[in-house]
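Protein chains in written order, with the working numbering: chain B, 1 to 347; chain L, 1001 to 1805.
In short, the hints are calculated from the structure, not lab data. Only a predicted model underlies this, so the values are computations on that prediction, with no experimental measurement involved. Keep in mind that the hints are not guaranteed to be accurate.
From the structure, some residues in chain B lie toward chain L, with a derived Cβ separation under 7 Å [said to hold, decoys possible]:
#1 Met-110
#2 Thr-111
#3 Tyr-113
#4 Gly-132
#5 Thr-139
#6 Pro-212
#7 Met-213
#8 Lys-224
#9 Gly-225
#10 Cys-229
#11 Leu-251
#12 Pro-253
#13 Glu-260
#14 Ile-293
#15 Arg-296
#16 Leu-339
We put the beta carbon where it would ideally sit given N, CA and C, even for glycine.
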Amino acid sequence: MQDLRELQERIALIKDEITGGIESLANSKAVYDFKKNFLDPKAGKISELMKSMKDIPAESKAEFGKSVNELKNWALGRFEEIDEQLKAKEAKLRYESEKIDVTMPAKHIMTGYLHPVTQVKNQLIDIFASMGFSVYEGTETETDYYNFTALNTPNDHPARDMQDTFYLSPGFLLRTQTSAGQIHVMEHQQPPIKILSPGKVFRADDDATHSPMFTQMEGLVVDKGITLCDLKGMLEVLCKRMFGENATTRLRPSYFPFTEPSVEVDVSCFECGGKGCRLCKGTGWIEILGAGIVNRKVLENCNIDPDVYSGLAFGIGVERLTMLKYGINNIKMLYESDLRVLEQIND
Amino acid sequence: MLVPLSWLKDYVDIDVTPDVLEKKLFDSGFEVEEAHEVGHDISGVVVGLVTECEPIPDTHLHVCKVDLGEGEPVQICCGADNVCTGKKFPVAKVGAMVYATAKDHVTVEGVMKIGKGKLRGYDSFGMLCSGTELGVSEDMYPGAGYNGLLVLPDDAPVGADVKPILGLDDWIFDISITANRPDCQSIFGIAREVSAILEKPLKMPALDYSECDTDKKLDVTIEATDLCPRYIGHYVTDVHIAESPAWMKRRLALVGINAISNIVDITNYILTELGQPMHAFDEAFLEGDRINVRRAHDKEKIVTLDEKEFELTTDNLVICDGVKPVALAGIMGGLNSEIRETTTGVVFEAAKFARDNIRKSSRALGQSSDSSARFSKGVDEYATVMAMKRALHLVEELGCGKVTKLHREAGLNNSLEPRVFTASIDKVNKVLGIEVPTADIERILKNLNFAPEIKGDELTIHIPAYRDDMENYPDIAEEIIRMYGYDKVVPTFLETAKVTSGGTNRKQKAELKLKRAMCQTGASECIHYSFFSPDDLDLLGLPEDAPERKAIRIINPINEDLSLMRTTLVPQMIHAIKRNQKRGRLYGRLFEMGSAFIPKSLPLDDYPVERPTLCIGVFGENEDFYSLKGIVEKAGETFGLKFRYAAKELPFLHPYQTAAVLLDGEEIGFMGKVTYEIQKAEEMRVSAYIAQIDLSKLEKYYEKTPAFTPIPAFAEEARDLALVMDKNVTCQEVEDVITSACRFVSDVKLFDVYEGAQLGDSKRSMAFTLTFTPAEEEFTSEALDGYVHKILKNLNNKLGIELRS
Chain B
1 MQDLRELQER
11 IALIKDEITG
21 GIESLANSKA
31 VYDFKKNFLD
41 PKAGKISELM
51 KSMKDIPAES
61 KAEFGKSVNE
71 LKNWALGRFE
81 EIDEQLKAKE
91 AKLRYESEKI
101 DVTMPAKHIM
111 TGYLHPVTQV
121 KNQLIDIFAS
131 MGFSVYEGTE
141 TETDYYNFTA
151 LNTPNDHPAR
161 DMQDTFYLSP
171 GFLLRTQTSA
181 GQIHVMEHQQ
191 PPIKILSPGK
201 VFRADDDATH
211 SPMFTQMEGL
221 VVDKGITLCD
231 LKGMLEVLCK
241 RMFGENATTR
251 LRPSYFPFTE
261 PSVEVDVSCF
271 ECGGKGCRLC
281 KGTGWIEILG
291 AGIVNRKVLE
301 NCNIDPDVYS
311 GLAFGIGVER
321 LTMLKYGINN
331 IKMLYESDLR
341 VLEQIND
Chain L
1001 MLVPLSWLKD
1011 YVDIDVTPDV
1021 LEKKLFDSGF
1031 EVEEAHEVGH
1041 DISGVVVGLV
1051 TECEPIPDTH
1061 LHVCKVDLGE
1071 GEPVQICCGA
1081 DNVCTGKKFP
1091 VAKVGAMVYA
1101 TAKDHVTVEG
1111 VMKIGKGKLR
1121 GYDSFGMLCS
1131 GTELGVSEDM
1141 YPGAGYNGLL
1151 VLPDDAPVGA
1161 DVKPILGLDD
1171 WIFDISITAN
1181 RPDCQSIFGI
1191 AREVSAILEK
1201 PLKMPALDYS
1211 ECDTDKKLDV
1221 TIEATDLCPR
1231 YIGHYVTDVH
1241 IAESPAWMKR
1251 RLALVGINAI
1261 SNIVDITNYI
1271 LTELGQPMHA
1281 FDEAFLEGDR
1291 INVRRAHDKE
1301 KIVTLDEKEF
1311 ELTTDNLVIC
1321 DGVKPVALAG
1331 IMGGLNSEIR
1341 ETTTGVVFEA
1351 AKFARDNIRK
1361 SSRALGQSSD
1371 SSARFSKGVD
1381 EYATVMAMKR
1391 ALHLVEELGC
1401 GKVTKLHREA
1411 GLNNSLEPRV
1421 FTASIDKVNK
1431 VLGIEVPTAD
1441 IERILKNLNF
1451 APEIKGDELT
1461 IHIPAYRDDM
1471 ENYPDIAEEI
1481 IRMYGYDKVV
1491 PTFLETAKVT
1501 SGGTNRKQKA
1511 ELKLKRAMCQ
1521 TGASECIHYS
1531 FFSPDDLDLL
1541 GLPEDAPERK
1551 AIRIINPINE
1561 DLSLMRTTLV
1571 PQMIHAIKRN
1581 QKRGRLYGRL
1591 FEMGSAFIPK
1601 SLPLDDYPVE
1611 RPTLCIGVFG
1621 ENEDFYSLKG
1631 IVEKAGETFG
1641 LKFRYAAKEL
1651 PFLHPYQTAA
1661 VLLDGEEIGF
1671 MGKVTYEIQK
1681 AEEMRVSAYI
1691 AQIDLSKLEK
1701 YYEKTPAFTP
1711 IPAFAEEARD
1721 LALVMDKNVT
1731 CQEVEDVITS
1741 ACRFVSDVKL
1751 FDVYEGAQLG
1761 DSKRSMAFTL
1771 TFTPAEEEFT
1781 SEALDGYVHK
1791 ILKNLNNKLG
1801 IELRS
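When you get a sec, could you build the whole thing from the sequences and use the hints?
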């Protein structure tokens, strides 16, 4: 390399060579290989130019160096540019090659569900737990005393006819009501008492609308000054949280041996809002539970002074509520373990 | 109970529509299950006078001209044999609704609308009707039973609606009576309530009669005073048995009772009207001038009116004459003293029997009647006394005998006078939570016949003898609020109650956590009955001495299939899988958490153990032993537990694909593939796998709060080892040797199993990834090599395992 003019020619040549060659490069690999021809530290054409610096007279060195550096930077820019273009193109091609039909079915993720009755049970527990109720689960087998006698239903009581009881021995039976749990709790605890007692109960009834086993949830509050108004207020909260803010309740007289007064509680039909439809049989109301003020004798049986304390109790048929809530029309469906049923309700 | 409106009106003036009455009864505690007009299916039927009647040649038909009081008589063809001119018959006009009958003219086959017709070329504009076509029986209207036209009275106005004439405009209420109100199980009892509800005076039934002298002797005694608090006998002479009058037959028919004869009908009438079961004995067959109420002797026999013979025990109560039992007390009379056509003297019985004795006898003997049903609910002695008077009045009114002076009553200990009870008005109001105005309290209690007296806060009431249910002031509160209106109860939210902390306890939370964990594995929860069938134990092929066979038997099961308290959850899970497959669902995962019932002794004399149990069932082409094992593992992981497994045999599971599930060396459950025999018996199309775990064994871990293990400070290292071993060496054995050989091994994971000719028949290869977790410092590769070397040496020494080359 003799002078700067020759250098400029060489630079122009290299630029032409790069500009000419770069267009035909197909991929990053080709860019890399092509780039090597110019910038490989050992044999690259630009690198060689750099090396020839030593032969340049001192006064020209600065300009020479500047020109070669400019060339180098220009070339690097060009290679980077083309490399980016090619990468973008490659990426696009890859994406295109991976095109799928988004409407094809999803990969199945196996999920199980809690039984609808468990779901409603949990919802009820949540509601009452927030009111300060604790949960007591008694046993499915009971003695005659806890299931009947202590609940003001002695042996000759006509209410025994209301329930067909399964007996396991003269003294033991399958509980017909979770109310039996009331007594166990009250025997061991003085007021204030707020318990919820969910569980399976049994009655010798088996037809289209009755199942010999079903789930009940008993609630009990014993404290000072508990009244029928409290019962109505509490159950109104239950209905609003279970069936929505527009739900209202209605009490009507009924009879249970362990409460006095006793009431049936109806909720305004959540299907028609009370206008009357098939669900509520045109009445605008749906019966959901039985309740009342705890009979003084029951408190006495548990050594709680009925002149100091009073209580309210209610019993909810969980299957009935479940069926109403989800529109299940046959109680038997809940016990057949049909996955087509079980996998439907996820509330 | 069925209550005809017309009968009710005998005792109280009802000036509201049936709809309003229904609503008022409902609001005051008497749910009307159904209320309907007697002739609710019938419309458009009027009185018609046949003015012309000509036979249609060669047929049994007549073509008639019938005056319907609407101008020109209409032409109607009629096939009945009693059609004739000058008589009045019910005429269903075109558009009328009547019952359609079968060819026999007596079997009702639905409701039909009358259209214009043409018979043998003659136009017919309506139909002359029989009683059946109008739903009227002989008992409901005399002559209606004739298989032909129903003949109407000559004074029936032409063109008038026939419904009032035939009583079809009457209403029947089917009222459900709660168990605390046996006094309302009668027309009169309901009338008392209606009188209070409508604030109309109650009219008493006629109870008067005159008595004649008699030479007849009768002695009434009660031996079993505990089972019969009151017994009244009264003798009626000069009886002539005949049909009852039409009005009585009609009323009985309306409540579904067949008329038999005047004396028997009177007893049934009283039962309905006053709620007191009565009985009539033919005096001629009573020996010894005596009636005695006693417990039956053991093995004593009686034949009841329906000709059934019973062998009795001392638990049964009988009515005896001087010699023999003549009635099964409260249930049914004896055949030996029944009323016959020839009866001329009758002893009427009105008594109160202990309700539980009648109920138990009735159940034990399998013999029931309207009487026993009524006694089981409870009868009040007030009604007993009134019923006898009413019966004697009816005897006189019907003219079917002479009432004598011979009246005997035993067991007069219970007063029929009202009980006096005093309560605080404030206390009554505090039950309700609202303050009912004193004037309303007084008015309501007066209407209910409690004769209230109020002095300041002190309320005194006089409880009539029929209101056995009134025990304390909350009962008064209930009486007041059901009349005052439950809509006046204002919702409050436990204003005086203390705040309590609530929620579920640790165990309940743990159980829900386990259920949710099961759901995460894809299993759905099912709930099965707590009882199952003896066949289920046979299905499992359990030996005679298997603990599962020691199950509690229900004394009175619905049927044999639901007769044993379950000792295992497996059979019902198998059935659930079967049902799913039968319905075309060929894959799935199910679990149940419920109790198995383990008696401490049989027969049961203590609470059985209700063992909380988890049962898991999976089925489908993609399931196998190991997929089920994954779910079982998950159950353990839920409480931070790692189960171990050992091969096991159970009669209902595959002999080579069954494991015991172990925790701390104790067997807590089992899992495996259901045998092919059971799969076949249950018609399964894909294999099923079942696991069962005794959750009581996990309970102590429910309390444990999960503790955080610090993340290792240094990187873990992994090494893969392919090992060759004897086929009968188990994976578990290999894992155990590896972990015991080096304390740094934190995980051993099998990732490949190989068997092949290369290895020989008796060998197989298993490849494991070992994870080493350092404690104090990073591993050097020399140290790791040392550990691996030690592990391999141990494996070789203990199990003869070689590294695969």
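A quick look at each hint next to the structure:
For Met-110 of chain B, the interface hint holds, the least distance from its beta-carbon to any beta-carbon of chain L being 3 Å, beneath 7 Å. Evaluation of the Thr-111 of chain B hint against chain L yields a held restraint, the C-beta minimum of about 6 Å falling below 7 Å. Hint status for Tyr-113 of chain B relative to chain L: holds, with the closest Cβ pair at about 5 Å, below 7 Å. For Gly-132 of chain B, the shortest C-beta to C-beta distance to chain L is roughly 4 Å, which falls under 7 Å, so the interface hint holds.
Taken as an interface hint, Thr-139 of chain B checks out: its beta carbon lies about 5 Å from the nearest beta carbon of chain L, inside 7 Å. With a least beta-carbon distance of about 6 Å to chain L, the hint placing Pro-212 of chain B at the interface is held under the 7 Å criterion. Annotation: interface hint on Met-213 of chain B holds; nearest CB of chain L at approximately 5 Å, less than 7 Å. Nearest Cβ of chain L to the Cβ of Lys-224 of chain B: about 6 Å, under the 7 Å cut. The hint holds.
A cut of 7 Å between beta carbons decides the hint on Gly-225 of chain B: the least distance to chain L is about 4 Å, and the hint holds. Proximity of Cys-229 of chain B to chain L holds as hinted, the smallest CB-CB distance being about 3 Å (cut-off 7 Å). A hinted interface residue such as Leu-251 of chain B counts as satisfied when its beta carbon comes closer than 7 Å to some beta carbon of chain L; here the least separation is about 4 Å, so the hint holds. Here the hint on Pro-253 of chain B is kept, as its CB sits about 3 Å from the closest CB of chain L, short of 7 Å.
The beta carbon of Glu-260 of chain B is positioned within 7 Å of a beta carbon in chain L (closest approach about 4 Å), and the interface hint is therefore held. Hint status for Ile-293 of chain B: holds, given a least beta-carbon distance of 6 Å to chain L, under 7 Å. The interface hint given for Arg-296 of chain B is met, as the beta carbon of that residue sits about 6 Å from the closest beta carbon of chain L, less than 7 Å. Using the Cβ-Cβ criterion of 7 Å, the hint placing Leu-339 of chain B at the interface with chain L is satisfied: the shortest such distance is roughly 5 Å.
Of the numbered hints stated above, none is contradicted by the structure.
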